[in-house]
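Protein sequence lines, in the order shown, are assigned to chains A and B. Residues in the first sequence are numbered consecutively from 82, following the numbering used here. Residues in the second sequence are numbered consecutively from 82, following the numbering used here.
Derived by calculation from the structure, the hints in this document are not laboratory data. Any given hint could turn out to be false.
One copy or two, either will do: identical chains are not told apart, so a pair holds if it fits within one copy or between any two.
Unchecked claim - Dumping the calculated SDA-like pairs for lysine to any residue here, alpha-carbon to alpha-carbon at most 25 Å: (1) K179 / L213; (2) K179 / Q406; (3) K179 / G137; (4) K179 / D409; (5) K179 / A94; (6) K179 / R257; (7) K179 / G303; (8) K368 / P324; (9) K179 / F141; (10) K368 / S222; (11) K179 / P212; (12) K368 / P224; (13) K179 / T194.
Protein chains: 2
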Amino acid sequence: MLSEFSLIDRFFARRAAALRPPNPAGDTLGIGDDCALLAPRAGEMLAISTDMLVEGRHFFADIDPHALGHKALAVNLSDLAAMGAQPQAFTLAFSLPKADEAWLCGFSEGLFTLAERYGCELIGGDTTGGPLNLCITVFGSVPPQTALRRDTAQPGDDIWVSGTLGDARAGLGLQRGEWSADANDIATFRQALERPEPRVALGLALRGIAHAALDLSDGLAGDLLHILERSSVGASVDVDAVPRSAALRRLPHDVQQRCTLAGGDDYELCFTAPVAARAAVEAAAHKASVPVTRIGTISALAAATDRPAIAWRNATGAPLTVTLQGFDHFHAE
Amino acid sequence: MLSEFSLIDRFFARRAAALRPPNPAGDTLGIGDDCALLAPRAGEMLAISTDMLVEGRHFFADIDPHALGHKALAVNLSDLAAMGAQPQAFTLAFSLPKADEAWLCGFSEGLFTLAERYGCELIGGDTTGGPLNLCITVFGSVPPQTALRRDTAQPGDDIWVSGTLGDARAGLGLQRGEWSADANDIATFRQALERPEPRVALGLALRGIAHAALDLSDGLAGDLLHILERSSVGASVDVDAVPRSAALRRLPHDVQQRCTLAGGDDYELCFTAPVAARAAVEAAAHKASVPVTRIGTISALAAATDRPAIAWRNATGAPLTVTLQGFDHFHAE
Numbered sequence: 082m083l084s085e086f087s088l089i090d091r092f093f094a095r096r097a098a099a100l101r102p103p104n105p106a107g108d109t110l111g112i113g114d115d116c117a118l119l120a121p122r123a124g125e126m127l128a129i130s131t132d133m134l135v136e137g138r139h140f141f142a143d144i145d146p147h148a149l150g151h152k153a154l155a156v157n158l159s160d161l162a163a164m165g166a167q168p169q170a171f172t173l174a175f176s177l178p179k180a181d182e183a184w185l186c187g188f189s190e191g192l193f194t195l196a197e198r199y200g201c202e203l204i205g206g207d208t209t210g211g212p213l214n215l216c217i218t219v220f221g222s223v224p225p226q227t228a229l230r231r232d233t234a235q236p237g238d239d240i241w242v243s244g245t246l247g248d249a250r251a252g253l254g255l256q257r258g259e260w261s262a263d264a265n266d267i268a269t270f271r272q273a274l275e276r277p278e279p280r281v282a283l284g285l286a287l288r289g290i291a292h293a294a295l296d297l298s299d300g301l302a303g304d305l306l307h308i309l310e311r312s313s314v315g316a317s318v319d320v321d322a323v324p325r326s327a328a329l330r331r332l333p334h335d336v337q338q339r340c341t342l343a344g345g346d347d348y349e350l351c352f353t354a355p356v357a358a359r360a361a362v363e364a365a366a367h368k369a370s371v372p373v374t375r376i377g378t379i380s381a382l383a384a385a386t387d388r389p390a391i392a393w394r395n396a397t398g399a400p401l402t403v404t405l406q407g408f409d410h411f412h413a414e
Numbered sequence: 082m083l084s085e086f087s088l089i090d091r092f093f094a095r096r097a098a099a100l101r102p103p104n105p106a107g108d109t110l111g112i113g114d115d116c117a118l119l120a121p122r123a124g125e126m127l128a129i130s131t132d133m134l135v136e137g138r139h140f141f142a143d144i145d146p147h148a149l150g151h152k153a154l155a156v157n158l159s160d161l162a163a164m165g166a167q168p169q170a171f172t173l174a175f176s177l178p179k180a181d182e183a184w185l186c187g188f189s190e191g192l193f194t195l196a197e198r199y200g201c202e203l204i205g206g207d208t209t210g211g212p213l214n215l216c217i218t219v220f221g222s223v224p225p226q227t228a229l230r231r232d233t234a235q236p237g238d239d240i241w242v243s244g245t246l247g248d249a250r251a252g253l254g255l256q257r258g259e260w261s262a263d264a265n266d267i268a269t270f271r272q273a274l275e276r277p278e279p280r281v282a283l284g285l286a287l288r289g290i291a292h293a294a295l296d297l298s299d300g301l302a303g304d305l306l307h308i309l310e311r312s313s314v315g316a317s318v319d320v321d322a323v324p325r326s327a328a329l330r331r332l333p334h335d336v337q338q339r340c341t342l343a344g345g346d347d348y349e350l351c352f353t354a355p356v357a358a359r360a361a362v363e364a365a366a367h368k369a370s371v372p373v374t375r376i377g378t379i380s381a382l383a384a385a386t387d388r389p390a391i392a393w394r395n396a397t398g399a400p401l402t403v404t405l406q407g408f409d410h411f412h413a414e
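Extracted from the complex, chain A is given alone in its bound form (with noise of 0.2 Å):
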């Protein structure tokens, strides 16, 4: 007898076997046994990221479910954009207070939707009573030599980011009731919010480029200094040079400079590159259609033991305290 949890994994099953290509390459396994097989790419690695995502902490209890399906994958497939990788495969894992029909065909629909855009394979998973969790493990293929990493940013690159900054943020407050906003942003902030688009065909464009990259997920001010400890350098960042949406500048002013600098849930990459790829850099760009904006540059550190930190700075180059402390985000852990 099955229970209604085995029937949901063969549901999710037998979706992803209809997307399996006609003559998977060689002996890769997939769903139906103890384990799926799987290989990078020839001379590549797999990159491999997990993020788990929890009711009332990362997502709100009404929320779509096609659009927490299209976010659930998206939020890892941007950390492989972040690697550079090329998406192969991922594990869904998850626990559910009750298998309701229509919650599971919107989330599996938004979900799948976005792996057949980036030919992702579901080939493994786990389905559970409990409280609503998900966890999705996500592989990617990736020349280790060409691999973005966080450790590699160079003092003089280029601070670049990609898209607009702040608008997920936007949307939480709005939905938190913190700000107002008229029919037309709100719908842009929310979309920020509920469906970010990884940028993949940036992180892919971007090999061989850059030096360093993330993808910013807790806010620019907590993400790049990721990069700065990881590469033991400093940088100096102009505060309005951060690129924002046209339905954020209609936002006060201090609530623009708190979304973008310290929003959260944005999975835009950021990244630095030397001077001299700049036209190497909007070329990338030009490739992914994504726009990108220089925001500021690496420094060596005075010394070996001073600590990587951020210099805030305005347009005209003049130093600017910016007090983030207090101002939270969606997955404040």
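Here the structure of chain A is known, so what remains is to put chain B in place on it, guided by the hints.
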């Protein structure tokens, strides 16, 4: 400012780093970047499995955290064993109601003690607040030609199981008050339930010998059926030959039978091998220091349209009706 959950991440990352070999092979990358980088051994593939454990469904709230750390990884290593894969690495994502230091110390000690024993490196993870939920994804290396799959059982094969079955379910029954036992037997059953030993060495030794294999997590009756369905074969099993511990033999006969056939949580291997390989199987078991027992035979389906099924019989070969309906095990989905 780091939240308590970021601090937990750091705690696990430090412990993982301390375990890393001083000169990790090539360009592997562990915790601290957007993704880990991992490759199987030359000419091999990665075997990948993911399991999610939820409080109340897969373990009791009052479980010793050391035992939980052990078991969470053990059930995943058991999936690698069932493929004949050599453990390489794992990712750990978990949500916790609060960051309790004593609990985390016990949990991580149980986890890393087992990980060290199998040279299995923690390469990434995610920690968040929320109801207790553990999701481990494990990676092993296996030559695809000799991976132990489920769909390769052949008519005439012997059916084997490792170790003894049913003790974990006996332990669950004790905790639920379904039956009682003396103190020594209670310790035996509890050990089986909380600290299963993945049969990694046996899986490796069976490469090229066994035709098909899986690990027993949901009980022999249900799990063997997975091999039969995937291989389109039937099976005949001698119920009295299914190995059980001395402790289990002291419980009533009908409890023994249900625990061994539908107990779940055994994490022993069930595998098929040709009759001509009996000596080779015994030698592999000896090499791995794990007893193995022949319990039945794989048969051809009478017609291609027949449903694969298990014919239960007793030691004299007489057919036996075995009723397992309504006998649940710990993770009933």
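For each hint, the structure was consulted:
1. For the homomeric pair K179 and L213, the shortest alpha-carbon distances inside one copy (9 Å) and between copies (17 Å) are both at most 25 Å.
2. In the homo-oligomer, the alpha carbons of K179 and Q406 lie at most 25 Å apart only across protomers (22 Å), although the nearest pairing inside one protomer, at 39 Å, exceeds that limit.
3. In this assembly of identical chains, K179 and G137 lie within 25 Å of each other by CA distance both inside one copy and across copies; the values are 17 Å within and 15 Å between.
4. Proximity of K179 to D409 under the C-alpha cut-off of 25 Å is restricted to the inter-copy arrangement: shortest distance 19 Å between copies versus 31 Å within a copy.
5. For a Cα distance limit of 25 Å, the shortest separation of K179 from A94 inside one copy, 19 Å, qualifies, whereas the shortest one across copies, 34 Å, does not.
6. For a Cα distance limit of 25 Å, the shortest separation of K179 from R257 across copies, 24 Å, qualifies, whereas the shortest one inside one copy, 27 Å, does not.
7. In the homo-oligomer, the alpha carbons of K179 and G303 lie at most 25 Å apart only across protomers (23 Å), although the nearest pairing inside one protomer, at 37 Å, exceeds that limit.
8. When the C-alpha separation of K368 and P324 is checked against a cutoff of 25 Å, the pair qualifies only within one copy, where the shortest distance is 20 Å, while the shortest distance between copies is 63 Å.
9. Taking identical chains as interchangeable, the C-alpha atoms of K179 and F141 lie at most 25 Å apart whether they share a chain (17 Å) or sit on different chains (20 Å).
10. Taking CA atoms no more than 25 Å apart as the test, K368 paired with S222 passes inside one copy only; the shortest distance there is 20 Å, against 36 Å between copies.
11. Taking CA atoms no more than 25 Å apart as the test, K179 paired with P212 passes in both settings, with 9 Å inside one copy and 16 Å between copies.
12. Within a single copy, K368 and P224 get their C-alpha atoms as close as 20 Å, which meets the 25 Å cut-off; across copies the closest is 38 Å, which misses it.
13. With identical chains, the CA atoms of K179 and T194 are at most 25 Å apart within one copy only, with a shortest distance of 23 Å there and 35 Å across copies.
Every hint, counting from the list given before, is met by this structure.
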